[in-house]
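> Please build the complex by placing chain B on the supplied structure of chain A, with the hints as guidance.
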Amino acid sequence: MPDVINFVRDQRKRLTKLQVRDKLFLRYAAIVCGFSFALFIIVVSSRIYLSLQVKQLIERQDLQRAQIQAQESNERQYLLFAAKLEALSKLFINRRNKQEAINYFSTLFGADVLISSIKYDSISGELEFGLRTRNVFSLNEVIDTLRTPQVRDRFESLSFKDLSRTSSAEYQTNIRLTLK
Amino acid sequence: MTLKHTLDARRYLVLAVAAGVIAVALFLVATIGQVQAVIDLIAEQSQETAKLKSLEGKVVQLQAVTTPTIASQSELVNLLLPSQKPLLELLNTLNTVSTSAQISLDSFELSPGELSSQSAQVAEVPNVSGTGVLSVEFIASGTLGQLNQFMSTLEQTTPLITITELSLRSGLEQKAKIKTLEELLAEPYRAQLTIESAYFTQTVDAALDTQLPTISADQERILSDLAVFTTTITPPQTEIIGGGLQDLFGIQLPELEQK
Numbered sequence: 001m002p003d004v005i006n007f008v009r010d011q012r013k014r015l016t017k018l019q020v021r022d023k024l025f026l027r028y029a030a031i032v033c034g035f036s037f038a039l040f041i042i043v044v045s046s047r048i049y050l051s052l053q054v055k056q057l058i059e060r061q062d063l064q065r066a067q068i069q070a071q072e073s074n075e076r077q078y079l080l081f082a083a084k085l086e087a088l089s090k091l092f093i094n095r096r097n098k099q100e101a102i103n104y105f106s107t108l109f110g111a112d113v114l115i116s117s118i119k120y121d122s123i124s125g126e127l128e129f130g131l132r133t134r135n136v137f138s139l140n141e142v143i144d145t146l147r148t149p150q151v152r153d154r155f156e157s158l159s160f161k162d163l164s165r166t167s168s169a170e171y172q173t174n175i176r177l178t179l180k
Numbered sequence: 001m002t003l004k005h006t007l008d009a010r011r012y013l014v015l016a017v018a019a020g021v022i023a024v025a026l027f028l029v030a031t032i033g034q035v036q037a038v039i040d041l042i043a044e045q046s047q048e049t050a051k052l053k054s055l056e057g058k059v060v061q062l063q064a065v066t067t068p069t070i071a072s073q074s075e076l077v078n079l080l081l082p083s084q085k086p087l088l089e090l091l092n093t094l095n096t097v098s099t100s101a102q103i104s105l106d107s108f109e110l111s112p113g114e115l116s117s118q119s120a121q122v123a124e125v126p127n128v129s130g131t132g133v134l135s136v137e138f139i140a141s142g143t144l145g146q147l148n149q150f151m152s153t154l155e156q157t158t159p160l161i162t163i164t165e166l167s168l169r170s171g172l173e174q175k176a177k178i179k180t181l182e183e184l185l186a187e188p189y190r191a192q193l194t195i196e197s198a199y200f201t202q203t204v205d206a207a208l209d210t211q212l213p214t215i216s217a218d219q220e221r222i223l224s225d226l227a228v229f230t231t232t233i234t235p236p237q238t239e240i241i242g243g244g245l246q247d248l249f250g251i252q253l254p255e256l257e258q259k
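Sequence lines, in order, name chains A and B. Take the first sequence: its position 92, counted from the start at 1, is 92 in the numbering used here, and no numbers get skipped. Take the second sequence: its position 138, counted from the start at 1, is 138 in the numbering used here, and no numbers get skipped.
Only chain A is shown next, with the shape it has when bound in the complex (with noise of 0.2 Å):
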């Protein structure tokens, strides 16, 4: 018995085949357009929620912005306050400086010697005092005194200048120094 040939089957069978596999491509093709709709709702809510919270952000800002303003006028007094602190410190450390040199050497020597003069260059920040001793023998002492170690190194640019006797048998000299 010869084989029936049945293209209408075979036809239908083909198809029905294709239509499984369309199905599935259609099921894939559903789920990544659901995926893709749902990436798109998920990014524009995230958009919406964002642009309210930088909203909100900029409203919190701008009222403590007006809290800044109603106290502009402290602001200002504290600002000014600083600026002069800053500027009162830078002067304070040549001051302390100058005033420490001075108080160092005014109690260095005994009372027969005098601090005569003081002339202070804020510039160069340079210190020259002149000596005033009573006697060569104070003068002697000053300048044992000046080379101690002590002294150099706590002033290593000290030097003498202008040594001189005054016609009632007092000694002059000046010191000068460099303060840091």
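Check each hint, because a few of them may be wrong.
Every beta carbon over 12 Å from chain A, so not counted as near; a handful from chain B, in silico [claimed, not checked]:
| no. | residue |
| --- | --- |
| 1 | E109 |
| 2 | L110 |
| 3 | P236 |
Straight line, CA to CA, 20 Å or less: simulated EDC-like cross-link-like pairs of lysine to aspartate or glutamate [claimed, not checked]:
| no. | chain 1 | residue 1 | chain 2 | residue 2 |
| --- | --- | --- | --- | --- |
| 4 | B | K85 | A | E86 |
| 5 | A | K119 | B | E137 |
| 6 | A | K90 | B | E220 |
| 7 | A | K55 | B | E155 |
| 8 | A | K90 | B | E75 |
| 9 | A | K119 | B | E155 |
| 10 | A | K90 | B | D218 |
| 11 | B | K53 | A | D62 |
| 12 | B | K51 | B | D209 |
| 13 | A | K98 | B | D218 |
| 14 | A | K23 | B | D8 |
| 15 | A | K55 | B | D209 |
| 16 | A | K90 | B | D8 |
| 17 | A | K98 | B | E48 |
| 18 | A | K161 | B | E165 |
| 19 | A | K13 | B | E165 |
| 20 | A | K98 | B | D225 |
| 21 | B | K51 | A | D62 |
| 22 | B | K51 | A | E72 |
| 23 | A | K119 | B | E165 |
| 24 | A | K55 | B | D218 |
| 25 | A | K55 | B | E48 |
| 26 | A | K98 | B | E155 |
| 27 | A | K119 | B | E109 |
For the record, the hints were derived by calculation from the structure and aren't laboratory data. Note that the structure is a prediction, hence the values are computed from the model and not measured. Just so it is clear, CB atoms sit at the ideal spot from N, CA and C, and this is done for glycine as well.
Showing chain B alone in chain A's frame:
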């Protein structure tokens, strides 16, 4: 007929392709554009959050700086470093301190500058920008102890005064060759002094979004050092006293006027 038949037979595939195209189009056209906007918004949000924190911090700082302690410190700093040439303040301080130390002052020399002229330009303090100096020279007379007291008090009184030059000489015409320490201390001396008083020349701008400057540990120490300063408050000059043509020298006494 054939196309219609084919489309009918492969309708699921056509739908799948359409869904795929829609998915890709949705992703490429809408989602990617939105993602970029979201990324920008995230960056903006973090930026605005930082700005808000900064502003909140500034509000807290402003509440902290309005305390009475800061106000009194600010007042003292203003007295030490006034915003104008402290000529009257300086003269007032010299008067107060010299009276207290019982010394006499003479031979004043100062150059306060003229208004709206080249000489009115401020002499800046070296290394300290935004500050000017008013320099005054004078002679102070008194004993060594009095002069010492005067000079040490002067540098501890408002406005901020720095002695830059001192020249000391005996006030006696004839010197005795040998003196006791007591005689030396009682001897009158004349001190030629040059002093400098600093004042603030900088302009200060306040911006809403900038933070307030903080006070460093060194500045805190200086603020505590300022406690030893004696303040002299000079009332601000708001009117010119005198200047009228009548009774310029105060000759017309009330008794005379009644007659």
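> Decide, hint by hint, whether the structure agrees.
Each hint, compared with the structure:
With a cut of 12 Å on Cβ distances, E109/B stays outside the contact zone with chain A, its closest approach being about 17 Å. Even its closest Cβ contact with chain A, about 17 Å, leaves L110/B beyond 12 Å, as expected for a residue assigned away from the interface. Non-interface call for P236/B relative to chain A: holds, since the shortest CB-CB distance, roughly 17 Å, exceeds 12 Å. Straight-line distance between C-alpha atoms of K85/B and E86/A comes to about 19 Å, which keeps the hinted pair within the 20 Å bound.
Only pairs whose Cα atoms come within 20 Å are accepted, and K119/A paired with E137/B is accepted, the gap being roughly 13 Å. Annotation: proposed proximity of K90/A to E220/B holds, straight-line Cα distance about 13 Å (limit 20 Å). For the proposed pair K55/A and E155/B, the alpha carbon gap of about 57 Å is over 20 Å, so the pair is violated. At most 20 Å may separate the alpha-carbon atoms for a hinted pair to count; K90/A and E75/B meet this at roughly 19 Å.
Annotation: proposed proximity of K119/A to E155/B holds, straight-line Cα distance about 15 Å (limit 20 Å). About 10 Å separates the Cα atoms of K90/A and D218/B, which keeps this hinted pair within 20 Å; it holds. With a CA separation close to 12 Å, the supplied pair K53/B and D62/A stays within the 20 Å bound. Distance restraint check for K51/B and D209/B: the Cα-Cα separation of roughly 8 Å lies within the 20 Å cut-off, and the hinted pair is therefore satisfied.
Proximity of K98/A to D218/B is assessed by CA-CA distance (about 18 Å); at most 20 Å being required, the pair is judged to hold. Restraint check for K23/A and D8/B: satisfied, since their Cα atoms lie roughly 13 Å apart, inside the 20 Å limit. Our distance criterion of 20 Å between C-alpha atoms is met by K55/A and D209/B, whose separation comes to about 18 Å. Distance hint between K90/A and D8/B is unfulfilled; the C-alpha atoms sit about 92 Å from each other, more than 20 Å.
A threshold of 20 Å between alpha carbons decides the hint, and for K98/A with E48/B the separation of about 50 Å lies outside it, so the pair is violated. Of the pairs offered as hints, the one joining K161/A and E165/B holds, with about 18 Å between alpha carbons and a cut-off of 20 Å not exceeded. With a C-alpha separation of about 118 Å, the suggested pair K13/A and E165/B falls outside the 20 Å cut-off, and the hint is violated. Distance restraint check for K98/A and D225/B: the Cα-Cα separation of roughly 16 Å lies within the 20 Å cut-off, and the hinted pair is therefore satisfied.
Annotation: proposed proximity of K51/B to D62/A holds, straight-line Cα distance about 11 Å (limit 20 Å). Of the pairs offered as hints, the one joining K51/B and E72/A holds, with about 19 Å between alpha carbons and a cut-off of 20 Å not exceeded. Note on K119/A and E165/B: the hinted pairing holds, with a Cα-Cα distance of about 4 Å set against a maximum of 20 Å. As the CA atoms of K55/A and D218/B are separated by approximately 42 Å, the hinted pair breaks the 20 Å bound.
For a cut-off of 20 Å, the pair hint linking K55/A to E48/B stands: about 10 Å separates their Cα positions. With a CA separation close to 12 Å, the supplied pair K98/A and E155/B stays within the 20 Å bound. For the given pair, K119/A sits about 17 Å from E109/B by alpha-carbon distance, which is consistent with the 20 Å threshold.
Of the numbered hints stated above, those contradicted by the structure are hints 7, 16, 17, 19 and 24, listed in ascending order.
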